[in-house]
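Undergrad: Note that the protein sequences, when read in sequence, are chains A and B.
The numbering of the first sequence is our numbering, which starts it at 2 and goes up by one.
The numbering of the second sequence is our numbering, which starts it at 446 and goes up by one.
Read the hints as simulated data drawn from the structure, not as lab findings.
C-beta atoms are modelled at their ideal positions from N, C-alpha and C, and glycine is treated no differently.
Among the hints, a few may not be true.
Computed cross-link-like contacts, DSSO-like style, restricted to lysine-lysine with a CA-CA straight-line distance of at most 30 Å [as the list claims (entries may be wrong)]:
1. B:Lys571 x B:Lys648
2. B:Lys492 x A:Lys352
3. B:Lys865 x B:Lys718
4. B:Lys504 x B:Lys492
5. B:Lys648 x B:Lys703
6. B:Lys718 x A:Lys218
7. B:Lys752 x A:Lys226
8. A:Lys226 x B:Lys774
9. B:Lys791 x A:Lys140
10. B:Lys602 x B:Lys453
11. A:Lys188 x A:Lys59
12. B:Lys812 x A:Lys226
13. B:Lys631 x B:Lys492
14. B:Lys835 x A:Lys218
15. A:Lys85 x B:Lys791
16. A:Lys244 x B:Lys819
17. B:Lys763 x B:Lys835
18. A:Lys140 x B:Lys774
19. B:Lys671 x B:Lys714
Pairwise CB distance ranges (calculated) [what the hints assert, rightly or not]:
20. B:Glu736 x A:Leu143: 27 to 37 Å
21. B:Asp519 x A:Lys344: 18 to 28 Å
22. A:Phe203 x B:Leu815: 53 to 63 Å
What the simulated footprint calls covered on chain A by chain B, stretch by stretch (three residues with Cβ under 8 Å from a Cβ of chain B suffice, anywhere in the stretch; the number is not a length) [said to hold, decoys possible]:
23. 219–225
24. 236–250
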Amino acid sequence: MINKVDNAKRIRMRNSFTNSFVALVISLLLGMLLIGISGYSPIESYIAIFGVSLGTVKGFALSLSQATPLMFTGLAFALAYKVKMINTGAEGQLYAGAMAAALIGAYITNLPTGIHIFLGFLAAFLAGGLVAFIVALAKVYLNANEIIMSLMLNEIIILFTSYLANGPLKPPGSGVGQTEMIADSAKLTKLIPQTQLTTAIFVAILAACILQYVLEKTVFGYEIKVTGYNLNAANVAGIHVSKTYLITFALSGAIAGLGGAAMALGVNYRFIEGFSSGYGFAGISIAALAAYNPIGVIFSAFLIGVLKSGTITLNRTTNIPVELVDIIQVLVLIFVAAPALIKTIMKWTKKIRVKSGKAQKTYGGENS
Amino acid sequence: MEIIRMEKISKVYPGTVALDGVDFTLNKQEIVSLLGENGAGKTTLMKILYGMTAPSSGKIFYNGEPVRFRRPVDAIEKGICMVHQHFMLVPAFTVVENIIAGSEPGSNVFLDMKKARQEVVDLISKFHFNVDPDVKVEKLSVGEQQRVEILKVLYRKADVIILDEPTAVLTPHEVDDLFAVLRRLKDDGKSIIIITHKLKETKEIADRVVVLRDGHLIADNVDPSKASTKQFSEMMVGREVNLQARRPSKSIGDACLKVSNLSIEEDGKEKVKDVTFDIHHGEILGIAGVEGNGQTQLIEALTGLRKPRSMKLTLNGKEITGKSSDFIKAGIGHVPEDRLLMGLVKEMSVMDNMILGYHRESDFCKKNGLLLQKEISDYAEKLKDDFQVKASSIHSAVSSLSGGNQQKIIISRVFSREPKAIIVAHPTRGVDIGASEYIHEQLIELRNRGAAILLISADLDEVMALSDRILVLYEGQIVSESMPGELSEVEMGLLMTGGNYMVEEGKHHD
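Please take these sequences and the hints and turn them into a complete structure.
TA: What follows is the structure, given as structure tokens:
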């Protein structure tokens, strides 16, 4: 009897996950079609993509390590979206976080490993948070558009960190734009040797769980939801709306910053210019795919990680152009972004099933 | 002569039966009042006729021919038009532009504005509409905007006009104007259906009354002159109701909430002008007035949502300043004007909404910011029972509840915190009779427990029935203070529309 019909939230949640799932299936099918049209065998390609990225230890590790920064940026976007703010600045926050962590890692020495890593993450958290906080201040007090502000700030941060990595912070003799290598005590432990999979993934999963807990169990989470769903009601209820905006957005940036630390301390061991292949923006779609649910982000980031890892192996083992796999990724996101489209498609399939007599006809419902 | 016949119309939504085998007929040159509570199915029935939703079963005949409208355009083509409760006008367009929008005359590319204007002018003079065709709609009063909506359907050559709750937003005087227009339309051969839950108006305008209750047809041929309002309301609710009886306060105490020199400016205009009043313990002070005369600004100032230019507000002698949270903490409750816009978070559960505004109180959260889930759900269960909120559970989303039950959530949440003073705005707007009756009872009970209540309502009947003292607000000023019964409804209506001079004169004759 408990929550049988009426747990509205659960039903809504399930509906969004169904939508995401259907979007995924459709885009995989369309992807097969595209690969087929391009003259390659769809089945073979899919086996190549998923067989390696799910079926081998190295491939699986690659999937997870690819998913790690995406989890952070996905969480960042999902959190900001809870107060109906759009954090397009995750890319810049990621760079700021990576630079901060790399500096702590390289220039502070003689620290025990655990503390050094913690300080690196903390610096990244503060750096990302600060960047987002500036945007939120402008939004709240100057009525600035946070989307455009964030995008512009991205440019500034990426170019400025690039200048640092090519100028004052460049190690002597280095050919590319990068900073000094971090101390061993700041390097994240590898979970599987000779892969890029590090303990950073636990930090990401922990962050998702904490976020979920905060949203569901605390006054602050309650106020975030009220503010996001109904700003007027939040005001009437005496909620300090500007404070909620400021803290939530800063927190969102801070989480993206952690993603930067994961890259600097776990993968590159330094700040490298242009290290992110659009992780910040991928966060937008990962959050959408997860229906903005923090726990869901873990899975949607993993999924995109699998596709990315597949792309990398595909590139090495077959002559199928990787662009095709990129297209599949984009298709997933297009379909997720258009829930109405998915609903229509689901209605068609239901109609077809009804016509062929396979599905039970439900009484009432939408009329045809 | 029969123009519309709907036979055995049923509409089933998953889980509920909105209409169960309802028959409905409309004759030529007839005004039918379709009466029923919210959720009785009257709007659904009309949406089916108008092609907005499809019936689950049943047949519709138009002039004897079976018809099936898939979308409103099909119905409009046949001459069935609907005037919605919420006007669909473009404020920046003129009356003529609004009327022709969607069916512009002329070739496909060029608009024959001259011809359009002439047609509209002809219509206006034919039915004595008293609207300037060239003025922008944003400059019009609500009553005039409604006339533009009716002109819109006449321009589309409507024979059957469906009006959804047409008097909900009108002053008594505007209602009279509307009814005069409707009578002229009827004389011209139009047939009219009015969806309403207002009994007095039904009696005044309808030739025939059809009553629906819970999706069933209760009566389809009631002569409004033969039945009393009491009988009608019993048909609608299915039991005896007692809505309009006055229950004056037995013990009015000292002044509780004192408001002095309240002035509010908005966009450079003075919306509230130097208003001073007080409300005593155990008193309901009613504010009557046409919407847009400063009520919204007044409410916002008294609940801390807006900084007035000047105001001194004391509650039991203590001055209150600051933000809305300070006002809530001081013990000023607030039932907002629009429950879904300001009072509730419809995506969240009944339980979450029952603590909104009080969620930081120690009954609901620990000092460290953790919500006390168990306490909150126990509290919500208790409120749900105490205030008879009909929801399948406290975890249901508020959006799945009826308007009356949504309003009960707000009432339960504010009233059970025992506010010393409370600002109540439009407490029964869009709420069915049963819930209205209940909410009124709760208000009276809260008053009897000693609270000072400010009641702001566009429903004059409500203000007159509940208040122990009545102020009339016109253009941001208090133009009259009276005891209930002292002024007639007509006099109140005049005051509300700025005709205080005549009433003042009338008083001298007494």
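Undergrad: All hints, please: hold or fail.
TA: Results of checking the hints against the structure:
Taken as a hint, the B:Lys571 and B:Lys648 pair is honoured in the structure, with Cα atoms around 27 Å apart against an allowance of 30 Å. For the proposed pair B:Lys492 and A:Lys352, the alpha carbon gap of about 25 Å is at most 30 Å, so the pair holds. A threshold of 30 Å between alpha carbons decides the hint, and for B:Lys865 with B:Lys718 the separation of about 26 Å falls inside it, so the pair holds. For the suggested pair B:Lys504 and B:Lys492, the alpha carbons sit about 14 Å apart, so the restraint of at most 30 Å is met.
A C-alpha spacing of about 42 Å is found between B:Lys648 and B:Lys703, which places the hinted pair above 30 Å, so the restraint is violated. Restraint check for B:Lys718 and A:Lys218: the C-alpha separation of about 45 Å exceeds 30 Å, so the hint is violated. Taking the CA atoms of B:Lys752 and A:Lys226, the gap is near 26 Å; set against the 30 Å cutoff, the hint holds. In summary, the hint linking A:Lys226 to B:Lys774 is supported, as the alpha carbons are separated by about 22 Å, within the 30 Å threshold.
Of the pairs offered as hints, the one joining B:Lys791 and A:Lys140 holds, with about 26 Å between alpha carbons and a cut-off of 30 Å not exceeded. Between B:Lys602 and B:Lys453 the CA atoms are separated by roughly 28 Å; this keeps the pair inside 30 Å, and the hint holds. For the proposed pair A:Lys188 and A:Lys59, the alpha carbon gap of about 20 Å is at most 30 Å, so the pair holds. Proposed proximity of B:Lys812 and A:Lys226 is supported: the alpha carbons are some 20 Å apart, at most 30 Å.
Proximity of B:Lys631 to B:Lys492 is assessed by CA-CA distance (about 22 Å); at most 30 Å being required, the pair is judged to hold. Using a Cα cut-off of 30 Å, the hinted pair B:Lys835 and A:Lys218 holds, with the two alpha carbons roughly 26 Å apart. A threshold of 30 Å between alpha carbons decides the hint, and for A:Lys85 with B:Lys791 the separation of about 16 Å falls inside it, so the pair holds. The straight-line distance between the Cα atoms of A:Lys244 and B:Lys819 is roughly 28 Å, inside the 30 Å bound, and the hint therefore holds.
Distance restraint check for B:Lys763 and B:Lys835: the Cα-Cα separation of roughly 39 Å exceeds the 30 Å cut-off, and the hinted pair is therefore not satisfied. Our distance criterion of 30 Å between C-alpha atoms is met by A:Lys140 and B:Lys774, whose separation comes to about 29 Å. For the hint linking B:Lys671 to B:Lys714, the alpha-carbon distance of about 50 Å lies beyond 30 Å, and the restraint is violated. Between B:Glu736 and A:Leu143, the C-beta spacing of about 34 Å keeps the proposed range 27 to 37 Å intact.
Hint check: B:Asp519 to A:Lys344, Cβ distance near 25 Å, so the stated range 18 to 28 Å holds. Between A:Phe203 and B:Leu815, the C-beta spacing of about 24 Å breaks the proposed range 53 to 63 Å. Coverage of the stretch 219–225 of chain A by chain B holds in this model, with 5 residues showing a Cβ closer than 8 Å to a Cβ of that chain against a need of three. Closer than 8 Å: that is the beta-carbon criterion, and the stretch 236–250 of chain A has 6 residues meeting it against chain B, so the requirement of 3 holds.
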